[in-house]
Every structure is written in C-alpha cells, then in structure tokens.
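Position chain V relative to chain Z; hints supplied.
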Amino acid sequence: MKQEVVEIERVYARYTARKVAIILALLAALAAVVVVVTPLGVASVGWGEVVRAILSKLPFLDVESGRRASIIVWDLRLPRIAMAIVCGMGLALSGAVMQGVLRNPLASPFTLGISSAACFGGTVAMVCGATMAGGDRYVVIASAFLFGLGALVLIYGISRRRGATPEMVILCGIALMYLFLALSSTLSVAGPAAGASFLLISGNLVQSSWETMRVTLGFLLISIPLLLKYSWDLNALALGDEVALGLGVNLRRVRVVCLVLATVIVSGIVCFTGVIGFVCLMAPYIARMMMGNDHRLIFPCSALIGALLLLGTDTLGRTIGGSFEIPVGLLITLIGVPFLIYLALGRRSYEA
Amino acid sequence: MKNKIRFVAAVIVACLIAGAILPIPQTSAQRTITVEDSLGHEVELPYPIERLVTLTPVALEVAWALGAENRVVGIDQFSKWNDEFFLAFRDKPSVGLPPLPNYEKIIDLNPQVVIAFASPPLGYPKLENRLEVAGIKVVRLNFHDPKTYDREVKAFGQMLGRKKRAEEFLNFSGSWVNEIEERVKNIPLGERVRVYYEWIEPYTIYGKEAGPSQLITMAGGVDVASEVEITSSYSPFPFAPTAGFFLSISGESIVEEDPQVILKDLMNLLDIVFFGRMAPKTIGYTSKPDIRRMEEARDEIMNRAGFGGMDAVKNGDVYIFAPSPEFAMSPRWPVALGYIAKRCYPDRFEDIAPESFHKEWLERWYGLEYKGVFVYPEE
Chain Z
1 MKQEVVEIER VYARYTARKV AIILALLAAL AAVVVVVTPL GVASVGWGEV VRAILSKLPF
61 LDVESGRRAS IIVWDLRLPR IAMAIVCGMG LALSGAVMQG VLRNPLASPF TLGISSAACF
121 GGTVAMVCGA TMAGGDRYVV IASAFLFGLG ALVLIYGISR RRGATPEMVI LCGIALMYLF
181 LALSSTLSVA GPAAGASFLL ISGNLVQSSW ETMRVTLGFL LISIPLLLKY SWDLNALALG
241 DEVALGLGVN LRRVRVVCLV LATVIVSGIV CFTGVIGFVC LMAPYIARMM MGNDHRLIFP
301 CSALIGALLL LGTDTLGRTI GGSFEIPVGL LITLIGVPFL IYLALGRRSY EA
Chain V
1001 MKNKIRFVAA VIVACLIAGA ILPIPQTSAQ RTITVEDSLG HEVELPYPIE RLVTLTPVAL
1061 EVAWALGAEN RVVGIDQFSK WNDEFFLAFR DKPSVGLPPL PNYEKIIDLN PQVVIAFASP
1121 PLGYPKLENR LEVAGIKVVR LNFHDPKTYD REVKAFGQML GRKKRAEEFL NFSGSWVNEI
1181 EERVKNIPLG ERVRVYYEWI EPYTIYGKEA GPSQLITMAG GVDVASEVEI TSSYSPFPFA
1241 PTAGFFLSIS GESIVEEDPQ VILKDLMNLL DIVFFGRMAP KTIGYTSKPD IRRMEEARDE
1301 IMNRAGFGGM DAVKNGDVYI FAPSPEFAMS PRWPVALGYI AKRCYPDRFE DIAPESFHKE
1361 WLERWYGLEY KGVFVYPEE
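Which chain is which? The protein sequence lines are Z and V, in order. Take the first sequence: its position 78, counting from 1, is numbered 78 in the numbering used here, and each next residue is one higher. Here the numbering used here = 1-based position in the second sequence + 1000.
Treat the hints loosely; a few may be bogus.
[Said to hold, decoys possible] Listed below are the simulated EDC-like cross-link pairs for lysine to aspartate or glutamate, each with C-alpha atoms no more than 16 Å apart in a straight line:
id	chain 1	residue 1	chain 2	residue 2
1	Z	LYS19	Z	ASP294
2	V	LYS1126	Z	ASP75
3	V	LYS1371	V	GLU1355
4	V	LYS1126	Z	GLU211
Simulated from the structure, these hints should not be mistaken for laboratory data.
Same shape as in the complex, but just chain Z:
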C-alpha cells in the first residue's frame, strides 16, 4: 500500500515536473520572441542600433545611441511589445477564468459579449466627454467595467437557468456581442469623440505607451493573486458542483469573485485596445489541452500562450504590409474564426 502511494506520488511529481517544464519553455519562448521582434519594424533601424538604443537607457552602462533610434525603440516599439504581452496575458487569463467557472470551453469575454459591452461602456464615457488622458481614464475604465458587469450578470443568469446548455449561453453571448458592437459604432458615429472612439471598435495596439501598459498591468497584478488563490476551488468546481460543495468550496463566492476579476482585467484592456477577440478563447483552450484541468497550471500557461499569440500577431500586423499597418484585431480574427469553427465542430471530443 505504502509503496503504491510512493509510486503514485512519483508519477504525479513527474507529471507536475513535465507541466512546469512546459510553462518554463513557454516563458523562454516568449523571451526569445521578444528578442526576435524588437528589431523588426518599418523604420530603418538596424539590429545594432536597436541594441545600442536599449542599452543606452540602462543604468551603469555607458552606451551612446541616436535620438531617433532611441525614440523608435523606447517610445514606440518596446511599449507596444510590452502592451501586447500584458494584454495577451490579461485576455487569456480572463478567458481561462470564464471557461473554468462556467465549465464551457467556448466561453471567453469575447464570445460572451463582455468585451464589447465594456467597449460600449468606454465609448459612452468618451462620448460624455471623458478622455483617456490622466485621471479621466479611470472614469472610462469604470464605465467600461460597469457595462461589462451588466453583460456578465445577464450571461451568468442565463447560464444558471435550468437546462441551459453551453451552446445556448454562447449564442446569447454572441448576440450580446453584436448588440454592443452595433451600439458602440452608432455612438461613435453620433458623438463628438468620433475620431477617438472609433479605435475602440477595430481592436489594435497602435496607441500603446508605457503609461497605458502600466495601467493595464496594474489591473492584472491586482487580480492575479486572488485568481491564483481561487484556482484550487476552480479545480474542485471542474469536478462538478456536488464535489466542490463536498470539499467545502463556497461556490457562489468563487464564481462571483472570479468572474468579476476577469471583467476587471478585460475592462482595463478594452479601453486602450478595443475589442481584440479570440485570444481569450484560443489561449485558454490550448492551455487546457496541455495542462489538463489544474487551474494553478492553466492560468500561467494560458497567460503565456496569450502573450505569445498577441505579440506574434501584432508583430505580423505591423511589419507584413510595410507602412500599411494591419490592425491586430483583424488579423487575430482571421486566425480565430477557423479555430472557433473547429472548436464548435470538435466539441463532442472535448466533452468526452
């Protein structure tokens, strides 16, 4: 008996080690991608210049760099890369949370209409005169959060109905998504902030700066410890309500706190980037395939995959067409739609 337990523990340790190795590998891959994409861009700034520009701002190093290269690298490229990583992580994480809580592999802030509701909330605030500059931006984000929360309550209510199937929930979510996207475009046509708010709809990272990155990162950092704390409970939840209840999980609190945190993260992103879909759907799904059902591993894994996905796609978008930039929201949709169809068709196997 004891030997059996030791054997099981050994197998589990090996299993965990493998998963941790995958996460470390993803982390290394992300670092490698950052190194590779930083010198990429339409400006004629070579590798050497990029390296010099980066080193020139680091303390204790006496490296000189041209002003132009320094601006391009430090004010445009690096903040955008950082923003892609932070947003990719945030979106993927919020998707992982929603999939875990609702036990629905098609769930994500995008497919549930929460992103577009938040986007609409942000647009409402902007049309009312708030801007994304200074402290005003928190008004916009709060408005985005409130509208996102509204959509969330609606979706949560639907999903708690007796006999609600996962597909039904997603269908309602997609209906909400279209409703709020249509409302956002109507508002931005009518409003005085037309120029500023149209960007929210198209989904891109063009406006990234260190400041926007810091704000988004702030929301993410506040949410991560709490989410990690609840990841145990989400694991129990994955086994069914009865099991979770039996294990002493406060179902209601876990669900509400996790979903609200996911909405906070999404609101902090949407106000700066607009609705970037599919990252929040694909990354957690892939993470779940790699990590099984352990949310302690799914969260970091899907965050890393999300960062890789968004950074890779955005780099493609900003380099592939020369000066003619392709918004990352559009590119990710091109990848995401086939994925969603594949998911929808292959759902049976997932359930099995």
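Showing chain V alone in chain Z's frame:
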C-alpha cells in the same frame, strides 16, 4: 594716391551694393515661424520647412503647386497608389493609410512637420501626442474647403518660405473663382438652379459645411440636400465614422425637391478596398480614360425609381464627376466649380472653358500634361 583712394571707395561702394542685394545667409535652424492651423492650433515650426510628410493627397498636391516637391520626404498610401498623377513622388516612401499612419515610419523619415486633415476626423488617432516625443509638429490643413482654402494655402506657403508663390497660385485660382461668382451674383433666389450632389451610395451626401455644397452655392445654384432633413450620419467605412461630414437623406425628399441638375461623385468602395483608388484607374487623371463606369452610374440615376419625373432626368442634366477627393474636394475644386457653373447656366458661361483652365492648372503648377476624364458627359 588719388587712384588708390578711388579704388578703395569703389570697393566699399561695391561691397555696400552687394550687401544690399544679396541676402545675408542666416542659420535657418534658429529661425521659427508660428502658424495657426484649421483646428485653431498655434504651431511653432522651424522656418522654412525643409522636410515634411504629407498625410493627405491634397496636402501633397499643394506642396507640389508651391514648388516644394523636393522637401516632401514621405507621402500617404493613397497618393502612393495614385501613381499616375503623383508620378513625381513615385519614389517617396509611404507612411501608411491616413486613418492609421505608421508612427514608426514617420519618425524614421525625420520630418519637421506632418500635414494632416483637420476634418473629416478620419482617425489620425492622437497624431500630435505620438509624434511629440520626436519633436515632429503636426499642422492640420484641409485644402478641400473653399471657405478656408486661401488662408490654408497662405499658411502653407509661409511655412515653406514660399509666400510669393502661394500668392501667385491663389491669384491664379482666385481670379477664375471671382469671375464665376461675379456672373451669378445677381441671379434672384427664386431663379437659381436647384442642384443635387450625390456621394458614394444613393442618397448619401456631403454635409452643407463640406466643399461640394459650397461649390453649388458659389456657382449660383441651390443645394437641395441642404434644405432636406437629414436622416442620419453615414459612413461606408466602419472604421471611420465621421459625424456630420457624410450624411444620408431619404430618397423621397430628393424626389420632392425636384432638382434641375444632378451631380454624382463616382466613387466605389470596392475600388478603395482592393485598389486603393477612389474610382477605377480609368477615371480621373489617367492615360487610359474609359467612361463605361461613368455611363453606368449615369444610367442608374436616369432609371432610378421615382426619378423619372424630375427636371434633371427629363432634360438629361445628370453629370458624373471624378471622385471628389481627386476633384471637387481637391485643391482643384475651382475647376469643379467651373464645371458646375457651366452645367447650371450654360448661357452665362458659354465662353468659359473649365477644361482649358484645368489644363493650364496642371501644366503651370504641376508640370503635368492634361489627360483623363473628369466629367461625363463632357457637354
């Protein structure tokens, strides 16, 4: 001795004369100029501007007219695609599409100033903020609005140190515009020709603040759309909704207004999306003019439901114009004005030849040979 004194005096006099005639070279880096753009921003710029990026085809055209083509270091993608007209700028790098300019490319080109639209607010998201770090100034000038045209061209001329040329250019276009306005100023309101200027889709129009509506008024006509209740703002570009600039109206109200002349902007969304041109390459400034698409557009209006009883349709006064961004809303709007006036009042403008004026414009200010098709039917 006397000769020596004479020689020295002559040298001194020669030096004084030379000093008076020849400009004293100044270090241009230290000189600045402040201009007010069409958003009311006061922008301080180095003087004269030696390196600029134009984010709109119209700004590029005016820079060209002012003889500053060699100072343009980057152009927008629409100008790049219109390579037959902007042949002289074929080798200039593109900085992307106006709604989503590539900041990195702009900074890389190191211009002193970027010229962008003040309206329509086609995005240019936070252009000023993003370029500020690199010390690049943004000046917003439309060049498509007759109300602000003179002031904008003058301001541009000042920035470029081409004040005199800007004045000559404005005199050239202004005398033509004055001539037209002079001939129609005494027409009583009740006798003015009612004109309907249609944009890209049926029943879409420019607002009355935009150029085409003003051109109709300047040509002695009445813009019927400006009297109709506006049903909604319209934009065919989901990424660039622009309030109040593009509008849609109900077809019924146009039928009710019964215009005597209909003008239609030949623009096509598919051409814009797939070829980056406002219309097929065979329309506008082109060496391969082909009027088929213009004929189709005209036939559509002539046969549009409810239009049969209209004066304009009955008399065949339906004219298709080259796309407005390259014509009625370009810096060459005076040419379009000439055509509108002539179509509204053929008798009053019998001796006026917009085509010759256009030809002279292209040759004199751009060094271009006149070719292409801008209005259909020609007469």
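Query raised in the report: When the hints from earlier in the document are held up against this structure, which numbers fail?
Result: none
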